[in-house]
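Novice: The chain contents come next:
2 protein chains.
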Amino acid sequence: MKKSFLYYKTILIHTLAAILIGLIIGAVDALFGRVLLTITDFRQEHLYLLLPFLGPAGLLILFLYRKLSPKSLGGMGLIFDTGFQENKHIPKLLVPLIMLTTWITHLFGGSAGREGVAVQMGAAISHTIGRKLHVQNNARLYLLIGMAAGFAGLFQTPLAAVFFALEVLVAGSLFYEAVIPCLAASFTAGFTSHLLGLEKFSVIVSDKLVFTPDTIVKLIITAVIFGIIGGSFAWCLQAAKKRLASWFPNVYFRILITGICLSLLLLFIHQGRYTGLGTNLISAAFENQTIYPYDFLLKFGFTVITLAAGYQGGEVPPLFAIGCTAGILLGNLFGLPVALTAALGYAAVFGSATNTLLAPVIIGIEVFGPQNAVYFLIVCSIAYACNGNMTIYGRQRQYQGQEWQSRSSK
Amino acid sequence: MKKSFLYYKTILIHTLAAILIGLIIGAVDALFGRVLLTITDFRQEHLYLLLPFLGPAGLLILFLYRKLSPKSLGGMGLIFDTGFQENKHIPKLLVPLIMLTTWITHLFGGSAGREGVAVQMGAAISHTIGRKLHVQNNARLYLLIGMAAGFAGLFQTPLAAVFFALEVLVAGSLFYEAVIPCLAASFTAGFTSHLLGLEKFSVIVSDKLVFTPDTIVKLIITAVIFGIIGGSFAWCLQAAKKRLASWFPNVYFRILITGICLSLLLLFIHQGRYTGLGTNLISAAFENQTIYPYDFLLKFGFTVITLAAGYQGGEVPPLFAIGCTAGILLGNLFGLPVALTAALGYAAVFGSATNTLLAPVIIGIEVFGPQNAVYFLIVCSIAYACNGNMTIYGRQRQYQGQEWQSRSSK
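The listed protein sequences correspond, in order, to chains A and B. So the numbering used here is basically just the index in the first sequence, starting at one, shifted up by 1373. So the numbering used here is basically just the index in the second sequence, starting at one, shifted up by 1373.
What the hints contain is simulated information worked out from the structure, not anything from laboratory work. Some hints here could point you the wrong way.
Computed cross-link-like contacts, DSBU-like style, restricted to lysine-lysine with a CA-CA straight-line distance of at most 35 angstroms [claimed, not checked]: (1) B/1465 x A/1591; (2) A/1615 x A/1440; (3) B/1581 x A/1505; (4) B/1615 x B/1465; (5) A/1615 x A/1444; (6) A/1614 x B/1581; (7) A/1573 x B/1581; (8) A/1382 x B/1591; (9) A/1382 x A/1581; (10) A/1382 x B/1614; (11) A/1581 x B/1581.
Predicted model only: the values in this text are computed from it and were never measured.
Could you build all of it, start to finish, from the sequences and the hints given here?
Specialist: Listed below in structure tokens is the structure:
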């Protein structure tokens, strides 16, 4: 009974700390996100002036990291290692560096995400606060609190953020003890960034799907394809990094040449359609504007090359864009409700590329409304199983189901 | 690449086997469930004739088990041990015995569930088929397939059934590789039992909750209480078993005396209101009929004593009844939407007593419609965290989050 009391007292302390962390991270998310939106608008208006300088901008990004904090280049890998207690310190400069370099990436038209900033920044801030509290063995807990808050503040999907943090470190296991503090941090960060003017992306999908054997088979095939797309993205990203490194052993040379090639291609193929986060594609998908059948492939390719070259930002919003443009294509092909299929792709491709199952289901519910929860569960489960166990997070671990078989039952 | 191909080939074989298993288990579920409904109606009509014989009926149950297959008395514990590969054989007589003795329990008015039958029967049938297939190391997989199919066939909540099977053996870890075969088995079992005339319990809750700081605090308090109720149920059941065993070392004497006392109390307190599954209380809760403030406590007490004495059937439907009657009480007390609070209690008390998080959330979505998915997630997460880590499944294991920290990252 005593132990139990102590347990709940500890949870209470962590939860109060998590609310404070959520406030700070929500505010930083709002700052980062609003500047990023301004930058995106500015780029759209001055595309021909900015995009040609993507190569030199890459040099600047790399120079800043190498000069100021080479360790910070570890990025998400560094965060994962901290979670596994193989790294103790997250450099102080990681947060300003990742924010600044992501802004630069987007200003000059790289095709990249923004969740990398949110999650790394959240983890770094929360980790620092957790260390100051001197509560024993809490490194992993505070890391998860920070990741959840960072994700929630940026996307304003607090529940998906919690499950993303709980399941992303070790595929196939959930760190359930962190549920309450993570919920507190997530909701606080989401409210804070919302109050500070960051808006949530949300579309209500009113498509209805009739459950016939025919649609079930089509839905399963669609889900398998989403899984393959997500898995391939993770695989290609890894392969592209290796390939570029073998072609250009010099890192500066690598980012400069790749950046120049990228800027030419991005400019001449549909004039910047595939730059940035991909929110233009997502809007087009749900507002019945033109989606080309090859949109998902080009966004896929440009994002892989941008990130493999060394630009910053993350993968998630482009994955959303890839998923929903692929969904439009498959929905039309199979005669499934198009907006619903796009929404399912949005969630499922994200899940299969990050090797997570619950986060994408809940993202689906939080972004597209709960009325299709069952379809998100079915499609994301199948996609998850069909991703060939790939993940964009190279440092993610696999939970070995067999392991507990050797433990005694007491 | 070869390995990957083999992996998907294996999944395909398991999935085809799972569909066959789902068909068989769905049919058995329908048989069991429909007979149980007839028995329940028959008991309601002849309550004064049947209830007085609860004590002798207990003797018969015990006699059957002891005479025919004492090992089958292990029940859910036996299923869990098989999952952990500490038991290799599930007795052939387990299935007919658990079905028959659950019918007897309900015919004479014991307060018990029915999912024990479904899950044990499903696991036993699937385990036997899995062994015949001679695929290496698949004992656990086939056990989960069977548990999912059994649960899905009986309650016709196929997605909740999958997650229940995935998360119940080891609290805090999910056996994700089993997702696809379990989905196939679950949906097949659900469709089959539905075709054979078993109906799904479903209520659409149209209550709307306005998200104000006031309601958030009330919702959190309600969730904490649900968690305490579920945790206490698990604790009391264990304690009652020990207490009865120390009072009556002779098992026959134990079930006879306890049964006689139960039948007297069940008869005189509201004439049989607390007998059986508790579906009468659930209907009353959602059809605006009278719910007494003490309903949840009495159903709680009667169920604990019925099961501790040695009657069969399981805990889940009474837990649903306890949860939603407690929800009615708390909803009225706090001025929360009453039907919604009852629905949240239905899910959250089940989750906190079984130490599962995702299964109750998805039960909430499948039974009460997806529109309140977010509330089910919040309330079930908090209830899960506040159950004092108790569980009605004594053989359930805890996943130790620390364990993977010692593993190498490769």
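Novice: Next step is simple, just say for each hint if it's right about the structure.
Specialist: Hints, verified against the model:
no., hint, result
1, B/1465 x A/1591, "40 angstroms, violated"
2, A/1615 x A/1440, "24 angstroms, holds"
3, B/1581 x A/1505, "42 angstroms, violated"
4, B/1615 x B/1465, "29 angstroms, holds"
5, A/1615 x A/1444, "20 angstroms, holds"
6, A/1614 x B/1581, "50 angstroms, violated"
7, A/1573 x B/1581, "21 angstroms, holds"
8, A/1382 x B/1591, "20 angstroms, holds"
9, A/1382 x A/1581, "47 angstroms, violated"
10, A/1382 x B/1614, "30 angstroms, holds"
11, A/1581 x B/1581, "22 angstroms, holds"
Of the numbered hints listed earlier, those contradicted by the structure are 1, 3, 6 and 9.
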